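A.B. asks: With the hints as your guide, set chain B onto chain A.
Number of protein chains: 2
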Amino acid sequence: MVPHLVTALNGPLLDLEKKMLAATPAIERWFRLEWQEHTPPFYCSVDLRNAGFKLAPVDTNLFPGGFNNLSPEMLPLAVQAAMAAIEKYCPDAKNLLMIPEAHTRNTFYLQNVGRLMQIFRQTGLNVRLGSLSPEVTRPTPIELPDGSTLTLEPLERSANGRRLGLKNFDPCTILLNNDLSSGLPAILEDIHEQSLLPPLHAGWAVRRKTNHFTAYDEVVKKFAKLVDVDPWMLNPYFARCEGVDFNDHTGEDALAASVDAVLAKMRKKYREYGIKEKPFVIVKADAGTYGMGIMTVHDASEVKELNRKQRNKMAVIKDGLEVSDVIVQEGVPTFEHINDSVAEPVVYMIDRYVIGGFYRVHADRGNDENLNAPGAHFVPLAFAQQHALPDYQAKPGTAAPNRFYMYGVVARMALLAASLELEKTDPNPEVY
Amino acid sequence: MVPHLVTALNGPLLDLEKKMLAATPAIERWFRLEWQEHTPPFYCSVDLRNAGFKLAPVDTNLFPGGFNNLSPEMLPLAVQAAMAAIEKYCPDAKNLLMIPEAHTRNTFYLQNVGRLMQIFRQTGLNVRLGSLSPEVTRPTPIELPDGSTLTLEPLERSANGRRLGLKNFDPCTILLNNDLSSGLPAILEDIHEQSLLPPLHAGWAVRRKTNHFTAYDEVVKKFAKLVDVDPWMLNPYFARCEGVDFNDHTGEDALAASVDAVLAKMRKKYREYGIKEKPFVIVKADAGTYGMGIMTVHDASEVKELNRKQRNKMAVIKDGLEVSDVIVQEGVPTFEHINDSVAEPVVYMIDRYVIGGFYRVHADRGNDENLNAPGAHFVPLAFAQQHALPDYQAKPGTAAPNRFYMYGVVARMALLAASLELEKTDPNPEVY
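Heads up: the protein sequence lines correspond to chains A and B, in order.
Under our numbering, the letters of the first sequence match residues 117 to 548, in that order.
Under our numbering, the letters of the second sequence match residues 117 to 548, in that order.
Calculated directly from the structure, the hints in this document are not laboratory data.
Heads up, some of the hints might be wrong.
Repeated chains share a single entry, so a pair holds when one copy, or any two copies, can fit it.
27 Å max Cα-Cα, derived BS3-like pairs, lysine-lysine [stated by the list, open to error]:
#1 Lys-210 <-> Lys-338
#2 Lys-394 <-> Lys-283
#3 Lys-210 <-> Lys-337
#4 Lys-385 <-> Lys-540
#5 Lys-341 <-> Lys-511
#6 Lys-420 <-> Lys-204
#7 Lys-429 <-> Lys-204
#8 Lys-338 <-> Lys-385
#9 Lys-425 <-> Lys-381
#10 Lys-210 <-> Lys-135
#11 Lys-210 <-> Lys-341
#12 Lys-134 <-> Lys-210
Everything numeric in this text was worked out from a predicted model, so none of it was measured.
Next up, chain A with everything else stripped away, as it sits in the complex (with noise of 0.2 Å):
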């Protein structure tokens, strides 16, 4: 249940919705062209938000956690969706072999774990976990809140080295939910029998935000035209900065001069919709996610007034990753709130299906921070508004499956930025 749902949804947006619905089998059709190209991640989870002028997706999540977040009534969804896509890779799959992070008790996260344990099993799948952490020497049992048990077990090479496995378990398919923060294990690479999902590449040892945001325009592009829209309304524009030592005040300048040309660009287009907002822009690392080494910025003179703690804060991420590129990112107030609190959608999708959402809430953030933070709270997307379809008679803005159509829909688009994203990096490009 969304208890109080209040979303400023004023002209621009109101007209895209409109075009969106009248659009819809247009967009679906173009959608499944696309997967006739290109190979969908195996999942995916995508932030998104929606100013009101302005829907966008800023951040795409290629091993999402927060699955235990969904309510439970997607499961079903979830469980086809799951279905298509172990069929694509591995039609006789009897194995699957979850590696998911290492070093964290974090019962939170754990659930996760143990729901996505849930959806594979119900596809017909045998699912354990392997861990990639050297303190998992033998099966160890974690008990969750629920009462239920995972079991941890040590990953293992078999004989010949060319298969990964645990323990009397051979499986066909190993997906990840691990990120691959702190580097490539050794123990991951030169796996050619089996499918690792997803790609190694898709990690942010090797990942980087830029990169997807550079696909990401390539496919708002078509989609705009497509649906006669302006693109910057769903697309958020940055920039990248390399080399920047946040500790030495190395590459400030050319940080400060990115974020000066983004704010310019913005400033445009908030002149063009009459929009009153004060710009700002989204300093993140290039690599990295967990909401690590992000900082809202309104000018440019602010890059070089950090304090100590602001420039430790975004000089190190997760897993003691050091930042040296980052993305300047226009930033897209969300104008959702939830009670008193500023709220984002949160999109997921396995295959190419949505099968899901739920509002991220916290409630210390103003509308222009990020709120993948301590703190935050979930409420999944009401059941009825999430799984009803677009009601076409309704009045433009006043129908949540309408709205909740459009935010499947930028999702998606992000979904296949990523894939385009996942073949344009891949070190092995033969495969596709």
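C.D. replies: What follows is chain B alone, placed relative to chain A:
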């Protein structure tokens, strides 16, 4: 909401539930592999009977109506399944022509048509309706109770005679929601450039129930081995009787003998499992649908003692078709009640996916009678029950999701049987 659902689940079926849940990965994998070899019918609904001691399909419909009786919450599952189906037949499909039952202004039926159009539009298709009725000579709007309008249009062959469509509408796929009881219309013949779904030989002009249940025998045999149960637990005995004319008593002795034979086999099984019920058989037309031409028989002598009215009812079914071949099928009493009415589950599938179901409830019928008769009403399977995944911790017989999982498995076995049946009866088998 299922307000008050009573099912006498006793000994044998509790054991079946336990075995099916334990074997879920094996069962789902088995289906996955079967669907690599066999193409599921485009859509299908299956009437089940749960006797407490036995769970079996009694009717498999390849032109399902009643989509409007499913809860709206199942629509996204239906759309997702329809996307998978369309992709298989015609990935670049733009236009879908649907051919509903002719000569019907039954608004219940037309709401089913409206619901199907809604599902297919959402998969990315322009959907229009072509009528087989000679009275439809120009676009004919029909208003539905919800205020929306369906438009029936006259079918036409293309100038070169090779394609079927409507004026200014050239479909890639033609979907029949008309069971062709009255024969194969000439306008549907020799369509080679477009996908005609389901194929013409799925229509009752050609199809025979006994072919279906022969194929079902095969499917259950494999499944029963996999799960280690007596195939009879999932399969009603049946026999075929040819050349019966109810009006002039032709074939009466042979029919009585068949009834006797099926009852004798049933008595043996009833003794084996200590079932106290009085066995009965259902005599039905081997071709045909709509709950017409059906009678319940407890003793072979009844067949010879039919009165004039009963004979008339059995002799002629939908569209005036005369009955000459019948199927004598083991009767499966239903032990499911909603309030004080007997109920039977109906499971809906698109492609190889279960997308929902409902209970068909009849206040004036007994637990050994056909419920598909005037006066029946429909109770959607409760959402929370229908959509949750099986609960492996629950005590057998206590969790609705576990029962609905069983129903989905048995319905999919009937779906698989339909697929084998259509392969075997295909007049142009080379397409497989």
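A.B. asks: Since the copies are identical, ignore which copy is meant and state whether Lys-341 and Lys-511 lie within 27 Å (CA to CA) inside a copy, between copies, both or neither.
C.D. replies: Result: close within a single copy only, 24 Å intra versus 56 Å inter.
A.B. asks: Using 27 Å as the alpha-carbon threshold, which applies to Lys-210 and Lys-135: within, between, both, or neither?
C.D. replies: between (44 Å within a copy, 18 Å between copies)
A.B. asks: Under a CA distance limit of 27 Å, which applies to Lys-429 and Lys-204: within one copy, between copies, both, or neither?
C.D. replies: Neither: 42 Å inside a chain and 50 Å across chains, both beyond 27 Å.
A.B. asks: If the cut is 27 Å between Cα atoms, do Lys-394 and Lys-283 qualify within a copy, between copies, both or neither?
C.D. replies: This pair counts as neither: shortest intra-copy Cα distance 58 Å, inter-copy 54 Å.
A.B. asks: Go through the copies and call it for Lys-420 and Lys-204: within, between, both or neither, with a Cα cutoff of 27 Å.
C.D. replies: Result: close neither inside a copy nor across copies, 50 Å intra and 57 Å inter.
A.B. asks: When Cα atoms must be at most 27 Å apart, do Lys-425 and Lys-381 count as within-copy, between-copy, both, or neither?
C.D. replies: For Lys-425 and Lys-381, the Cα distance exceeds 27 Å both inside one copy (30 Å) and across copies (83 Å).
A.B. asks: Between the shortest in-copy and the shortest cross-copy C-alpha distance, which are at most 27 Å for Lys-210 and Lys-341: within, between, both, or neither?
C.D. replies: This pair counts as between: shortest inter-copy Cα distance 18 Å, intra-copy 44 Å.
A.B. asks: Is the C-alpha distance from Lys-385 to Lys-540 at most 27 Å within one copy, between copies, in both cases, or in neither?
C.D. replies: neither (30 Å within a copy, 64 Å between copies)
A.B. asks: Measure nothing new, just compare the shortest in-copy and cross-copy C-alpha distances for Lys-210 and Lys-338 to 27 Å and report within, between, both or neither.
C.D. replies: Intra 39 Å, inter 18 Å, cutoff 27 Å: inter-copy only.
A.B. asks: Pop the pair Lys-134 and Lys-210 into one bin, within, between, both or neither, using alpha-carbon distances up to 27 Å.
C.D. replies: between (45 Å within a copy, 21 Å between copies)
A.B. asks: At 27 Å max between alpha carbons, let me know whether Lys-210 reaches Lys-337 within a copy, between copies, both or neither.
C.D. replies: between (41 Å within a copy, 22 Å between copies)
A.B. asks: Should Lys-338 paired with Lys-385 be assigned to within, between, both, or neither, using CA atoms and 27 Å as the limit?
C.D. replies: within (20 Å within a copy, 65 Å between copies)
Comparing the model with each earlier hint shows violations of hints 2, 4, 6, 7 and 9; every other hint is respected.
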